[in-house]
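Asker: Okay, here's what each chain looks like letter by letter:
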Amino acid sequence: MSGHCVHVIRVISFLLLFKSSFCLYEDQIGKFDWRQRFIGKLKFSVLDSKSNVKKIFVATEENVVAALSMKTGELTWRQVLEKGPQGEIKFMHADSEVITVSGNGPFIVRGWNLANGYSHFEWNSFNDADEPHENVLWTYHHGKLYKVVMLDSQQVARIISYNVRSGGQLAAYTVNIPGFSRKCKAIGINLVCLSNNGELKGVTVVNSQFFNLDVSAETKGANCDLLSVDSSSDLPVLAIGCKQSKLLVAIKDNTFKALSETVPISAGVSVTQHVSGTHLIVLSKQIDGVIKVNGKVLETDQPVEDIQSSFQSSSPFSDIETSNSLCTLRRDRSVYCQILLSTVDHSIIFAQTSSKIMWTREEALANIISVELVDLPVSDIEAAIEKEFDNKEAPVDIGVPSGFVGMFLRRLTSQLLQLKSLLLTVVSLGESVEKNGLEVDLVRDEFGLHKLIVAVTSVGKLYGIDNLSGNVVWQKYLGEMETYKSIDKPVVSFYVQRTSRHLPYPAQCFILGKHKASDESMVYTFNPINGQPIGDGLHRLGYRAVQSLLLHFVDDQFLKGVLLLDSKGGLHVHPESQTALVSEHAKSIFFFTANSESGLLVGYTLAHSSLEKLVASEVWRIQLSHKITGLMSKSPLERVHSQGRVLGDRSVLYKYINPNLVAVMTQAEDPIHKNVLSIYLIDVVSGSIVFSIVHKRATEPIHLVHSENWIVYTYFSDKSRRTEIGALELYEGKTQSNTSAFSSVASFDSPIVERQAFILPAGIEAMKETITEKGITSKHILVGLNSGGILEIPWMFLDPRRPLGDIREEGVIPYMPELPLPAESIINYNQTLHRVRAIHTAPSGLESTCLVFIYGLDLFYTRVAPSKTFDVLKEDFDYLLITAVLVGLSVAAYATKRLAQRKALKQAWK
Amino acid sequence: MASSGSRSNNRRYKWALDFNYKSKQERSVDVPSPPGYNPALGQVYTETSKESDPNHLIIKKSWDLALGPLKQVSSFKMIEGSHSASQKFVYFLGNILSVGLALFKCQSMGLLPSHTSDWLAFVEPQIRMEYSGGGLLLT
Amino acid sequence: MFNSVMNREKCIFVTLFSYLFIIGFVQCSESDYDGPMSITLYHALNLDSEPHWESRGHMTVQNAASGYVTSHQSPLDVESTRRLKVLSDKDSFYRLKAVVKTSQGREVNFLTFVKACALVESQLKDYLTVSVDHEGSVVGVSQSTALSSCASAATEKLPSNFLTTVEFKPIEQGPVPDTASYIQKLEREREARERGETKDNRSFLAKYWMYIIPIVLFVVLSGASNPEGAGPAR
Amino acid sequence: MELYIVNFSMVLASFLSFVSSYEINEVIGAPDNYVIEGKVFPPEAVNDNSNWQAETTVLLKGGHQMGFIREDGSFVISNVPSGSYVVEVFNPNYMYEPVRVEINSKGKFRARRVNYIQTSQVIQVPYPLKMKPMSHARYFQVREQWRATDFLFNPMVLMMVLPLLLVMVLPRLMNDPETRKEMEQLNNLAKYDMPEMSEVITTFFATGDKQKQKSIKSAKKSKQGSSNN
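Line by line, the protein sequences give chains A, B, C and D.
The first sequence begins at 1 in my numbering and counts up one residue at a time.
The second sequence begins at 1 in my numbering and counts up one residue at a time.
The third sequence begins at 1 in my numbering and counts up one residue at a time.
The fourth sequence begins at 1 in my numbering and counts up one residue at a time.
I should point out that these hints are in silico values taken from the structure, not numbers from a laboratory.
Treat each hint with caution, since some may be false.
Within a straight-line C-alpha distance of at most 30 Å, the following computed DSSO-like cross-link-like pairs (lysine-lysine) qualify [to be verified]:
# : chain 1 : residue 1 : chain 2 : residue 2
1 : A       : Lys-906   : B       : Lys-61
2 : A       : Lys-71    : A       : Lys-489
3 : D       : Lys-106   : A       : Lys-674
4 : A       : Lys-476   : A       : Lys-560
Pulled a few chain D residues facing chain C out of the computed Cβ check, cut under 10 Å [unchecked claim]:
# : residue
5 : Tyr-116
6 : Ile-117
7 : Gln-118
8 : Thr-119
The C-beta atom is built at its ideal place from N, Cα and C for all residues, glycine as well.
Looking at chain A on its own, in the form it has when it is part of the complex (with noise of 0.2 Å):
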């Protein structure tokens, strides 16, 4: 009992320790923060019109289930649920409570409150041993759920009807349908399936009451699909999709009837009630940006005015991909639309016809894959003051003469424009309140804390978001260009060529992506201030890159060029006029790539190169013999301010920074061990395996972190069954065998290392080290927690040198297996963010503050200070008392002083 108490007190104490690094006072909520919270792309929607709440009724690809406001497009309520093909959602419907079918294998079935999304009920089906898990249908009808099975060796399906609630089986029986393709989809209570020769059948699950349409010819053979478009009303309507176009096809009354029309492929089809038996049918399209909407009446073919038009809006629309309508009948029998759209680049509209756009969502923020915190460009003063000592631009303005005089007005100007700005912030200090909702200028500040995120989402969609506010200021859709895949996750190349320090250049970024309807690779370079092209803008190559480099200089517009290797082995420099100044740095750049599958890393230097040709010969190689599943090197930006450690005699260990070095993760599954994970520290320019370390029995999830000296990474182990976090740290030893330069050539001893593991108590999902400019201030490390939370350790804490006996060094605190969770290290507090993808952190232009963006289905914005905030004034400093003080202090001084000259009279007086 007491020993638990030494452990409880023990915990206080780290509790403590936990405190004094990291502090967010409760009247700092949203203050340096905010949350953004999505739903990823849709897949199914219901627009309710029943409930007196108007909500939309959601299921995503991400396996979201959730409620939008009709009037804001905001959460009403929202449930996640798991994660990959064990949550995807097969099936949703929503009348009296939203009802959705989700995983692979058993399905679960689940109800959800329409106003808040509680659990009603759940159940499992599972399927029999002999049917297939990928090729089931589902669909509702009347408070039963029925299941379709195709079983493709016996040409049959095999239908189930549950009862929806309870899960309990009500019938099953099969229904042969001989010749079926395994095009087939479940429409309101029909089972249409498409036959190779163009022909369409249809079954009615309820009755098994058979049904068939022969298909216009020019569908016949050609590459056609079955689309559902929409079965929400009761005049179920499927579309056959090929190349161009797509035939509308509606059941009624068991038979087929094709409409007369074809529309665009890339059209948006929705069908709902209209008066008197009839429906409507609507139709949107994207057209040079602008959405068009029509509408007409589907059995008369009656073309309905109404409805008509058309959408825009600061940035132009795509394709649209999946349209829900419904359409109202006002008193003066007028009709109006609400039309919600999906559109390729992953956004929800929202629309109202003869109105306007009510909301969008940009859902391809839920799939960011790549971030850069990109400086904004200084203010026009600053830049007059920039100007003004740039020599090179003395002659821009041709109105003021250059020379002493020129360089004095000048300097005159920028100094009125200062004091004009400065007057007009004291001014505007009293209404600022009133500013507040104007957009604030985009410029840099003078902390570095202004910053935009420049995202990059796996659809090929780029944004520019405030940092500050969250808000979206820009916004691009790559329409040609797709993601490359790196270990199964979407990956692309994504570099800061040029910051916005240059004046008068503009900020550059630069992305490598592939071409999506060829082999070829794209670039995109654009100003990331703006998202506008530069230079070319987005090309293709003309050859396929496997690989890209930042190169480490600037040539003499201070542009950073980007290596790229091809799959031919040949290495190209992009802008390509880059190449001869490359050929000079030649001798000093090594470049790698490591093919996942093989285990296979080979190194290649370019010290062939001549200055007409870049040449990549091959001078490593390296075989690891299991599966290559992570990657690590360390942040190009990154700077080591300590070069060694202090022991307990006051000598120095030197710690092994080594800038090539490269931490590579293999798992393999072993028959003995089961799951062995084995992690590489590997110079990538030497080729030199410097340390390498196996844990078996260990499984996903596995992160790993790796940055100055050492490297932290998290595993689970399936022999404890708990989440176990190794620290490996690096020393070169007592002296530095070289004090001035570092390289990986020149032979070395290996590094001693030292090492630790932990026992997290939780689940990870992604985990960061904190970056400071000069890298002074310590660094913490930011785990992305199962639960939602993003927790802060000091890495203090997962030092490997943390002694079980006595403490001898300073700083070192005494080890202990489980690390603990106190809540006040929870930087997002209880804003829960789901599925955290990665954490991104930038350094800011104060040293002690580090900017941190985590994406994933949610975004989280915020700045930690994991050696609090040293360099400058905490934010609730009291100005007041201190300037109290002060008065008080010398009109004491004054008072004491005048009192003491009247003593001194009166004592010369006695």
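Assemble chains B, C and D onto chain A, guided by the hints.
Answerer: Okay, now just chains B, C and D, sitting in the frame of chain A:
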């Protein structure tokens, strides 16, 4: 010594004159002296008279205090006589001892930057000789 | 069995003189791979981007488990020495290819390099580090030289034989949370405190005499000195 | 093939309209599939219109499988093969203690407290699970309030106040004749010491012929002698 003292006295005299408002003496400098009058004697007199002036005393005392450490240095030269060598040696030894004691105390308190760790903050980061990049193959 | 291998820091230290068959005893006692494994070495002494491989020698790891390594390296002829010097003068790389053939007949190629000048500087004395994974298969071979600097470019004479040291570097065992000793430590602390609680029943004086005595002394002395000091004043 | 019974009474209890159609269903399941059941208790301070049910999620295997809360707090996690799992309940504002649930191959359930350090330690808890909130999550630090006592006992303030007291109070004490005498005595003592020092110096200079060490000794002696007087 004496000459420098009189010079300083002279200066002091002029300086003191301004503040003590001895206007008669001031004028007497401008006006040619009567025969047989020695201005130097008058100076000596005024000086002695001023010795009693508390203000002057304070200033002098302060100067003594300020010059104290400097005088100590020169006092080394003033050691004279038959035992001067040993005296000088002892003086030297005493100083060494006190400095040594101070150093020892500082060392024992760990105030002296005598370990490599004390200079760690000045160790420059190593210059990077090679640059590398790349990663997993993009497919 | 496996653990014992992994705990060993440096496995094999065998110095191999070319043209001689030297059999060295290897400390490494056990490993997962058994049967002979051969490493054939090729080097490229050309300046071009494409290496022109020439045979340098081969070594046989008779049984890494028992740890016998035999080696045979052909000496550098005059022409090769000259070319190596050219490489060194041009500050180019000396490239080495190691073909590892396992007992199952699987062949794996490894490439590695050193600065040619460093090799010349170290008088052809080099090290080959063979990294081995948890299953015992070779994952990397890397070469390093005895001297890493290229300070004095001019070297008069080169020996004709390579002096190679082969070092086996096994993968190390990952750390596990040290719960056992932590629990023991807690237990010890608890016991110590329990003992301490019973022991520390000394009187107040017994515990704090070192603080009390100086205070008392000071008080006594200051009280005593006053009248004595005052005496002569009167 | 294995048959097992799932009791859906909890599901149906919330739908009074369906109580009449209450039935025990037989679900044909794949072998080795179980359902973990439990109930999450709301924090006591919770008010009725708070949406805690929607905010609370139940995670199994770190989110590999999930359970959602019904209005009454009950939850089920279905499709669980036999094994050992940690069931965690997450609510943004309240902390819940995780529970380890072990299902053996025969379908027997055992729930115990999670101990990551001593993994073999078994402290059983009831099954079906009853998850009670441990505490309100304190994410924020409490801002320090200005208090007079804090201010007064601040060492800096103490350092300033004490000399002030000495300056202010000591002169008043001096007015007392006895203390003044004492002070004078002390002063005299100090004065006496002063000539002592000069005496040392004079003896040092006067005894030119004698050895220095001796002179120092004698000075010491004279000093001692004078103090003894």
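Asker: Could you run down the list of hints and mark each one as holding or not?
Answerer: For each hint, the structure was consulted:
1. At roughly 27 Å between alpha-carbon atoms, A/Lys-906 and B/Lys-61 fall within 30 Å of each other, so this suggested pair holds.
2. For the hint linking A/Lys-71 to A/Lys-489, the alpha-carbon distance of about 36 Å lies beyond 30 Å, and the restraint is violated.
3. At most 30 Å may separate the alpha-carbon atoms for a hinted pair to count; D/Lys-106 and A/Lys-674 meet this at roughly 25 Å.
4. Straight-line distance between C-alpha atoms of A/Lys-476 and A/Lys-560 comes to about 23 Å, which keeps the hinted pair within the 30 Å bound.
5. Hint status for D/Tyr-116 relative to chain C: holds, with the closest Cβ pair at about 8 Å, below 10 Å.
6. The criterion of a C-beta within 10 Å of any C-beta in chain C is met by D/Ile-117, whose closest approach is roughly 5 Å, and the hint holds.
7. Residue-level restraint check for D/Gln-118 holds (minimum Cβ-Cβ distance to chain C is 7 Å; threshold 10 Å).
8. Here the hint on D/Thr-119 is kept, as its CB sits about 8 Å from the closest CB of chain C, short of 10 Å.
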